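S.K.: Sequences are here, hints too, so could you generate the full structure?
Listed below are the residues making up each chain.
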Amino acid sequence: MTKTAEEKYNEREKRIQDAIQLKKPDRIPIIPFDNGAYFKHCGLNFQEAMYHPKQYFGAVKKAIMDFDMDAVSSAVVMSGPTFDALDWRQLKWPGAEVDSSNTGRDTVYQFIEPGQGYEAMPPEDYDWFLDDPTDYIIRRHWPRIARSLKPLENLPPIHDMVAYYVGFVPYLPAYGSSEIRGALESLMDAGKEAIKFYDAHYSFIGEMAELGYPPLFRGIGISPYDYIADFLRGTQGSMVDMFRRPDKLKRAVEKVTPWVIQWCVNQVGASKELDYSKRLFIPIHKGAGGFMSNEQFKEFYWPSMLEVINGLINKGIVPYVYTEGIYTDRLPIIKDVPKGKVIYHIESDIFKAIETLMDTACVEGGPSGPMLSIRTPQEVKDYCKKIIDAVGGRGGFMMGVEVPMITDKSENIKAMVDFTKEYGAY
Amino acid sequence: MIEDLVSTLADLKEEEVLAIVQKRLNSGEDPLETLNDARKGVRIVGQRYQDGEYFIPELVYSGEILNAIVEMVKPKLAKGVEVERFGKVVIGTVAGDVHDIGKNIVTFMLDISGFEVYDLGVDIPAGKFVDKIKEVEPEVVALSGFLTLSYESMKETVQAIKDAGLRDKVKIMVGGGTLDDTVREYVGADAFGRFAPDAVALAKKWIGGK
Chain L
0 MTKTAEEKYN
10 EREKRIQDAI
20 QLKKPDRIPI
30 IPFDNGAYFK
40 HCGLNFQEAM
50 YHPKQYFGAV
60 KKAIMDFDMD
70 AVSSAVVMSG
80 PTFDALDWRQ
90 LKWPGAEVDS
100 SNTGRDTVYQ
110 FIEPGQGYEA
120 MPPEDYDWFL
130 DDPTDYIIRR
140 HWPRIARSLK
150 PLENLPPIHD
160 MVAYYVGFVP
170 YLPAYGSSEI
180 RGALESLMDA
190 GKEAIKFYDA
200 HYSFIGEMAE
210 LGYPPLFRGI
220 GISPYDYIAD
230 FLRGTQGSMV
240 DMFRRPDKLK
250 RAVEKVTPWV
260 IQWCVNQVGA
270 SKELDYSKRL
280 FIPIHKGAGG
290 FMSNEQFKEF
300 YWPSMLEVIN
310 GLINKGIVPY
320 VYTEGIYTDR
330 LPIIKDVPKG
340 KVIYHIESDI
350 FKAIETLMDT
360 ACVEGGPSGP
370 MLSIRTPQEV
380 KDYCKKIIDA
390 VGGRGGFMMG
400 VEVPMITDKS
410 ENIKAMVDFT
420 KEYGAY
Chain E
0 MIEDLVSTLA
10 DLKEEEVLAI
20 VQKRLNSGED
30 PLETLNDARK
40 GVRIVGQRYQ
50 DGEYFIPELV
60 YSGEILNAIV
70 EMVKPKLAKG
80 VEVERFGKVV
90 IGTVAGDVHD
100 IGKNIVTFML
110 DISGFEVYDL
120 GVDIPAGKFV
130 DKIKEVEPEV
140 VALSGFLTLS
150 YESMKETVQA
160 IKDAGLRDKV
170 KIMVGGGTLD
180 DTVREYVGAD
190 AFGRFAPDAV
200 ALAKKWIGGK
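Taken in sequence, the protein lines are chains L and E.
Heads up: the first sequence begins at 0 in numbering that gives the first Met the number 0, then just goes up one per residue.
Heads up: the second sequence begins at 0 in numbering that gives the first Met the number 0, then just goes up one per residue.
It is worth saying that the hints were derived from the structure and are not from the lab.
Being a predicted model, the structure only gives us computed values, none of them experimental.
From the three backbone atoms N, C-alpha and C, an ideal C-beta is built for every residue, glycine too.
Accuracy of the hints is not assured; some may be wrong.
If you only want the chain L side, here are some residues facing chain E, beta carbon under 7 angstroms, derived [unchecked claim]:
id	residue
1	Leu21
2	Gln109
3	Thr234
4	Gln235
5	Met238
6	Val239
7	Met241
8	Phe242
9	Phe290
10	Met291
11	Asn293
12	Gly368
13	Ser372
14	Ile373
15	Pro376
M.R.: The following block contains the structure:
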């Protein structure tokens, strides 16, 4: 008897939830994170994906069904028209109206570091940010990351606008200027494009659920340190701050921590009991091995990140912490989380992570990018076998990939999925 | 007691370092000596990084301190003074990829290790590498890339170097956090590295140097 979509949904959801709770599932869940392989599988390129959300989500749907994955786990491919409307500086993406890549080759969108193409927050701005962050974000940060919003740097401070003659009317002429009107219009245009994108996104998520595929995660978060280091100060700036102004750096990280938690809660809602279906994806970047020592990690990175992890669990949310880079030396540190309530994605030394973390947190990882892009299906299977053998029939593991999939070798993805379903069945 | 610029810089005591530099410049000492000592200090930082005692933040910070010293020393230096160089390296992140953190660290490490480094930047098409190789005739070419998609660009770049008849004149290393020997073979490079010290070790092996 064939199962209904609802039965399949519940089966997949239970499989994932068992793995998170370190219980033995019926088999190892297979939930590789996608970053282009899905739509390439359907003959779409990156530019088409960024400019035609319906086609993009249609392709992802087809790929998930073709491979028969256990969950919807694909990257937040964003909307090209939204960024075009803002003349966005923080990314490079194929098909952008300006500054597209040199290759001519269709390529994934890429983050541009502060200081590389637009100004990073200078150290002397820490005080302004700490004193009035919203003012800083609107009048200094937005003008840097979106060229269309540059005129907003001439906006008068909003906190002065408290009464008709105190600030408000005296400042209104600024809003009548053609520059600021233009900036606000570009923001509204971008908003219209974003509505189109999210409409397509939510109808895709709904459709996938009806077809029996749960989302691996329902929202996205950030580590408080990355908020500052990725987006305001940049890699170099934040590294130098550890020596020249460690207190300012820490104060800024502490400042944003409750916002980060609240932002995550806003996306998925809070509940008293932990809801294992409410998983939230948190990629973490600047705390990777090499980027700082274990001591620096413990001092600058981990305390606020742990606060986010615990804060989310207290609000009923399962943090899916997506470590990027090498965390092998940090495993004993990041192991300090409530048991059976956290998922850790691992990019480096999956075997060490299985050995160290799996009695505390659910580990997710798998074949590398080069393996999926260059090697043969048999080699992929051999590697998956090694991993499944290391897991050794226990709960607490999900088969994923080392880095989000971009490969156009569908046969390698299929080898990974089919083999895991067969060999990873308990 | 003579305050030791080399060890003070190696220990990253910025304020003390700058005070020593100022004192030495005021004393009328050859500013080139001061600069050489500063570079020695940064080389120790690089060594401590390679030994796993320091991490990238220390490396970056030492670079910032060195920049500050250069700014102080520069006005007193005779023009055209150059430090000894062992050989030349042309480096860049390949076309389609804009990741620059790893490349910048490798550039810095090679520079303080005594190599003349020509950093082309990020998202560099094959032709630009070829042009630069013709212009400066380096012993080593270093191709950086983080994205899986960069393997194609690395392969094209190596091919372009071959097509220009320059392949046997240079050693080619590829570097990036996701690379392995499969990729090295696929793109046709001589060696690969995942970490910055790998690049220095390779350059020393291929070119020589202390």
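S.K.: Could you run down the list of hints and mark each one as holding or not?
M.R.: Right, here's what the structure says about each hint:
no. : hint   : in the structure
1   : Leu21  : violated, 30 angstroms
2   : Gln109 : holds, 5 angstroms
3   : Thr234 : holds, 5 angstroms
4   : Gln235 : holds, 6 angstroms
5   : Met238 : holds, 4 angstroms
6   : Val239 : holds, 5 angstroms
7   : Met241 : holds, 5 angstroms
8   : Phe242 : holds, 5 angstroms
9   : Phe290 : holds, 6 angstroms
10  : Met291 : holds, 6 angstroms
11  : Asn293 : violated, 9 angstroms
12  : Gly368 : holds, 4 angstroms
13  : Ser372 : holds, 5 angstroms
14  : Ile373 : holds, 5 angstroms
15  : Pro376 : violated, 15 angstroms
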